[in-house]
Amino acid sequence: MLKGLLGFTAAQAAIVFGAFLVMQRFVWTEAVAVDAVRASAWLAFIVQNFTFLIARLVARQNVIAGWGLGVLLRFASVAFWALLGIKALGLVSGPALISLVVFYFLSTLVEPLFLN
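Taking the working numbering, the leading residue of the sequence shown gets 2, the next gets one more, and so forth.
Calculated from the structure, these hints are not laboratory results.
There's no promise every hint is true.
To be verified - Derived CB-CB ranges, DEER-like:
#, residue 1, residue 2, range
1, ILE99, ALA12, 21 to 31 Å
2, LYS4, GLY95, 33 to 43 Å
3, ARG61, GLY91, 40 to 50 Å
4, ASN63, ALA89, 33 to 43 Å
5, ILE99, LEU73, 19 to 29 Å
6, VAL23, LEU90, 20 to 30 Å
7, LEU54, LEU22, 19 to 29 Å
8, LEU54, GLU31, 28 to 38 Å
9, THR30, LYS4, 30 to 40 Å
10, ALA32, PRO113, 33 to 43 Å
Glycine included, each C-beta is placed from N, C-alpha and C at the ideal position.
Based on the provided sequences and hints, a complete structural model is requested.
Structure, rendered in structure tokens:
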């Protein structure tokens, strides 16, 4: 289990960091937008690792339940970010929300490779 978690964490770090660099360089270049994207990258990294660990633990009994719980946690974190997190940190909402969803999407694509 630890090997899969470490592999996913490394792959996810590379994906999130790479996507962050692309967004910072080509999409949102203003400093306030880059700060929002950076905060979203950290949130995505933490939540994705947590949901992967849960999916990994629950998947032994019920794969669909583990996947569904991960989706629910990601959705809840986007809602929390939209309603409270962005305002509390004084971030720009557009880049913060769009980048968070992009980070989740890209990380979710590689997640099945490490669940086995």
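- Task: Look at the Cβ atoms of THR30 and LYS4 and judge whether their distance stays inside 30 to 40 Å.
- Result: holds, 39 Å
- Query: Does the Cβ pair ARG61, GLY91 satisfy 40 to 50 Å?
  - Reply: Once the Cβ atoms are compared, 42 Å apart, the range 40 to 50 Å for GLY91 and ARG61 holds.
- 21 to 31 Å as the expected CB spacing between ALA12 and ILE99, which holds or is violated: holds, 22 Å
- Task: Take a look at whether the Cβ-Cβ distance between VAL23 and LEU90 falls inside 20 to 30 Å.
- Result: At 22 Å between Cβs, range holds.
- Message: Tell me if the beta carbons of LEU54 and GLU31 are separated by a distance inside 28 to 38 Å.
- Response: holds, 35 Å
- Query: Range hint 33 to 43 Å: satisfied by the CB atoms of ALA32 and PRO113?
  - Reply: The hint (33 to 43 Å, Cβ to Cβ) holds, given that ALA32 and PRO113 are roughly 36 Å apart.
- Task: Mind checking the hinted window 19 to 29 Å against the Cβ distance between LEU54 and LEU22?
- Result: holds, 26 Å
- Taking 33 to 43 Å as the hint, is the beta-carbon distance of ASN63 and ALA89 inside that range? holds, 35 Å
- Query: Is the hinted range of 19 to 29 Å satisfied by the C-beta distance from ILE99 to LEU73?
  - Reply: holds, 21 Å
- Item | Pairwise beta carbon distance, LYS4 to GLY95, judged against the given window 33 to 43 Å | holds, 38 Å
Checked against the numbered hints above, the structure violates none of them.
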